[in-house]
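Heads up: the protein sequence lines correspond to chains X and A, in order. Here the numbering used here is used: position 162 in the first sequence is 162, and no number is missing along the way. Here the numbering used here is used: position 524 in the second sequence is 1524, and no number is missing along the way.
No lab work stands behind these hints: they were computed from the structure. In this text, all values refer to a predicted model and were calculated from it rather than measured experimentally. A few of these clues could be false.
Listed next, with one range per pair, are the computed distances between beta-carbon atoms [to be verified]: (1) X:Glu365 x A:Pro1525: 30 to 36 Å; (2) A:Tyr1510 x X:His34: 48 to 54 Å; (3) A:Gln1518 x X:Ser310: 53 to 59 Å; (4) X:Ala300 x A:Leu1569: 58 to 64 Å; (5) X:His34 x A:Pro1395: 46 to 52 Å; (6) X:Leu29 x A:Thr1555: 17 to 23 Å; (7) A:Leu1514 x X:Asp40: 41 to 47 Å; (8) X:Gly214 x A:Gly1420: 48 to 54 Å; (9) A:Arg1361 x X:Thr361: 44 to 50 Å; (10) X:Val311 x A:Gln1582: 43 to 49 Å; (11) X:Gly249 x A:Thr1539: 52 to 58 Å; (12) X:Glu365 x A:Lys1521: 26 to 32 Å; (13) X:His34 x A:Arg1361: 33 to 39 Å; (14) A:Asn1324 x X:Ala300: 57 to 63 Å.
One side of the interface only, derived from the structure: several residues of chain X facing chain A at Cβ under 8 Å [as the list claims (entries may be wrong)]: (15) Ile208; (16) Thr234; (17) Phe287; (18) Ala323; (19) Gly379; (20) Ala382.
Think of the CB as a built atom: it goes at the ideal place given N, C-alpha and C, for glycine as much as any other residue.
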Amino acid sequence: MTFSADQRPERGARGPWGLYVHVPFCSSLCSYCHFVRTADHDDAVRTRYVEDLLLELRLRSRRCGILSRRERPLATVYLGGGTPSLLEPELIERLVAGTVATFPHRPDLEMTIEANPESFDDLKAGWWRELGINRVSLGIQSLQPRILKMLGRAADPAQARAALRRAGRRFDRVSADWILGPALRVDELCDELDEAVDLGVKHFSLYILEVHTGTMLAERVARGQVRLPQDEDTERVYLAAGAHLEKLGFNQYEVANFARPGAESRHNQAYWSGRPYLGLGPGAHSFWGRRRSANVADPAEWSRRLAIGSVPEDEVDPLDRTARRLERIILALRTAAGVPLDWLPGGALDVERGCELGWWTIQRERLVLTRLGFLRIDGFEAALATRLDV
Amino acid sequence: MPLNRDKTRNFCIIAHIDHGKSTLADRLLEATGTLKGKELQEQVLDSMDLERERGITIKSHPIRMNYEDPRGESWTLNLIDTPGHVDFHYEVSRSLAACEGALLVVDAVQGVQAQTINNMYLALEHDLEIIPVINKIDLPAARPEYVQEQFIDLLGCDPDEVLLVSAKTGEGIPDLLDAITDRVPSPEGDPKERAKALIFDSIFDPYVGAVAYVRMFAGTISKGDKIYCMGNEKRFDVGELGWFRLTRMGQDTLEAGEVGFIATGAKDVRHVRVGDTITLADEPCDHPWPGYAEAKPMVFSGLYPTDNDQYDDLLEALEKLQMNDAALSWEKESSAALGFGFRCGFLGLLHLEIIQERLEREYGLNLIATLPNVEYEVLLRDGSVQLCENPALLPEAKHIEEIREPIVHASIITPKDFVGAVIQISLERRGVQTKMEYLDPERVCIEFDIPLNELVVDYYDKLKSVTKGYASLDYEYRRHQMDDLVRLDILINGDLVDALTCIVHRENAYTWGLKLCQKLKELIPRQMFAVAIQAAVGTRVLARTSVKAFRKNVTAKCYGGDISRKRKLLEKQKEGKKRMKQVGSVEIPQDAFLAVLKVER
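Go ahead and model the full structure; you've got the sequences and the hints to work with.
Structure, rendered in structure tokens:
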């Protein structure tokens, strides 16, 4: 059996893996967020939570030979949320010691923590560095007071700027999230991005605001209190921001992600390239042993399942051949590397027409989406999925 | 045991939809002891799921009841259940021909409906003894006196001839049984004459082949006889024959006056057609029962599988349905837009709906049905006449001298408040009013000659909506008639969508085309490319509109490694897409093919 280079991304028995740890605590709830999170917690809850995370890893290790042998190198760690920066540094230390430190890891281990401006201070920054955290992802979203208010963010622009400055001083690899949503002006956005770059940001995630049912934002949209931008406006802003970042020396390496060379998030790249990762915490996802699984989303239920010694998985998705093929294609389509043409099911995409319309280019026998194409990726994915039958 | 004709009564029930025919039949079965309590299931005689759901009868279900009256005399009562919808006119007339009497059942709240009257006239034509019955007298809103007046007006009967019944509570049922035995004449006919049996329905049974439901008018037919279907000129050996209970009960003979079944072994019901006469092959009777006609389809529609892989399944399903439904006709056709499918002919709109629903429900098919249309006569310049039941196949205008369309005579009964609205919607659909008559101070009967095509598109729905559901409609084919008709094409991104082609009156072409374009614009989702929609007569574009291409549909985050959600969403969409049709580069949802039906005038 032979493999093409794309199918062999260090996936052997000794290949590296990634660890995701979910921290569901927030100081306040953002209007658009639909992830597992809670604003109702105290230090006892947080302490107990970290112990539960360690318990989950022990339970999983007991059932999984690869984990228990502690032989595979850990390549990336990502503490996401929620707001991991809310955790006391002692708890982060306990968490890292009980998880990351128990595995052999690559010398260039990437360890990211998500932080919100209001819970990020010098003390924490210093402590995190001691623990080996070498990448900070800041939830900035905007520097406009009216937009931050609409999104329900806890921080004001001054706190956001302070956080950017602090992160830039303390960390070599700083990423910042921005949201492209209502009432956004291209010139304001570009000024904000310039400012962030000056303060040391080397990586941006630009997310187009999505309204998920059940969120406060969805309610306000339904009541007419928030007017969502027209697709034409979102398109304009996205294209302009992308072009602006490119001028500043950032490469768009995925639909929503831009980085200076070498500053890409290796953890996120693992998601798109099919490398295994383990997720701990309520609602966390894993891709392990050719199957995808998701933990139960409710923190209390997650904890209860752990207490009775059961792995708190909710959904398990054993991937069949078609599913694996489809995933491989749609994940590759998200990236700047693109999809090898011979992976594409026949007739799904009109390759020539798409080139003419500027949706993609063909580079070394791969179809690579342009920004214009990234904006329409759902349509391409649907066309591909429809034609894909094994 | 020879039949005691004097103690036999053959009768049917005529009623409008929802006026309680099936419930009444159930009550009779119960009162005569034909059904025991536990066998009694709501509406026993409507055996198809669809019939029960819609509360209508599609196939007739005869049943033989033994009844002992209060004086201790024994009777044989044959109830012939008749189809209750205008589409099945011919079947109704054959069922009536098999009886000597009819219960004319009218809802005590709603009163007489258009169809009731037409079927009543049909019954009178067959010289049936009519027993007027007012049903649902238990309802609080019942108006028995009012309905009684209607009966007296219509039938010229005496007030005391009208029976008051509640099929639900059983009130009045004993009197009804008395009326049946007293008033309905006994069947005539000599069992020693040459055999003559009228087929009033037929079904297909996979074990014994086509089974004819017959009324014996003369002679005797026995098991093992060689029989001859006179209209169809087909010979069969009688496998089984007998009476109807809930199931068929085999007997040795059927003789004059009886109602029963004859299993022919024929491999589908088209060989044993409703209205045909069965006699003995060796000693045939002189004349068949008059009025045999093959069911003539009036409404046509193209049926296409959404998924081309289901073509063979659709063919098989149609063949199976046809075994049991001689009125269903079809031929293969292909459409540039929809691929391979079938042009099917139906008795009417309900028949179409029923077949479509059965194909989808019982055979698990996903179908696209094109706009129902009618059969046009096209007189060509060379003097020949072509029949055209598919608008897309209409010859080019330059070859056409004239187009003639079927005109029906429609009668509508409506409460007087809605007369204006009924006239308006009828005139808008090119109806010509021929008569208007007050049936009573509250209700009016209006008659129109109206193109059948206008009727099949949306008339019935419209009628129901402007009269708040109170009007009833019946119609009958009259003639083909010339009018200034044109073929209206729809083009999507320049590609002709043949399945959306329709034939309209020239004066309506522009408005219709414009509205159709607008409707399609609503129904066709934004796609990668802009979609241009045009309506054209010949090369002249009458109306155009477009669906803009979407500018963004990215849902950016693949957050926290949740890849499954995205993939499952795509897999779900993929199922949805199976219900879309690709025309050129455009995906058209199934609904769009019915959009033509939903266009408001």
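Now for the hints, and whether the structure bears them out:
1. X:Glu365 x A:Pro1525: 30 to 36 Å: holds (33 Å)
2. A:Tyr1510 x X:His34: 48 to 54 Å: Distance hint for tyrosine 1510 of chain A, histidine 34 of chain X holds at roughly 49 Å.
3. A:Gln1518 x X:Ser310: 53 to 59 Å: holds (58 Å)
4. X:Ala300 x A:Leu1569: 58 to 64 Å: With Cβ atoms ~28 Å apart, the hint is violated.
5. X:His34 x A:Pro1395: 46 to 52 Å: violated (59 Å)
6. X:Leu29 x A:Thr1555: 17 to 23 Å: holds (21 Å)
7. A:Leu1514 x X:Asp40: 41 to 47 Å: violated (58 Å)
8. X:Gly214 x A:Gly1420: 48 to 54 Å: holds (50 Å)
9. A:Arg1361 x X:Thr361: 44 to 50 Å: holds (49 Å)
10. X:Val311 x A:Gln1582: 43 to 49 Å: holds (45 Å)
11. X:Gly249 x A:Thr1539: 52 to 58 Å: holds (57 Å)
12. X:Glu365 x A:Lys1521: 26 to 32 Å: violated (40 Å)
13. X:His34 x A:Arg1361: 33 to 39 Å: With a Cβ separation near 38 Å, histidine 34 of chain X and arginine 1361 of chain A satisfy 33 to 39 Å, so the hint holds.
14. A:Asn1324 x X:Ala300: 57 to 63 Å: holds (59 Å)
15. Ile208: Isoleucine 208 of chain X check passes; min Cβ-Cβ to chain A is 5 Å, inside 8 Å.
16. Thr234: holds (5 Å)
17. Phe287: holds (6 Å)
18. Ala323: holds (6 Å)
19. Gly379: With a minimum Cβ separation of about 5 Å from chain A (threshold 8 Å), the hint on glycine 379 of chain X holds.
20. Ala382: Given a least distance of 5 Å, the restraint on alanine 382 of chain X holds.
In this structure, the earlier hints numbered 4, 5, 7 and 12 are contradicted, and the remaining ones agree with it.
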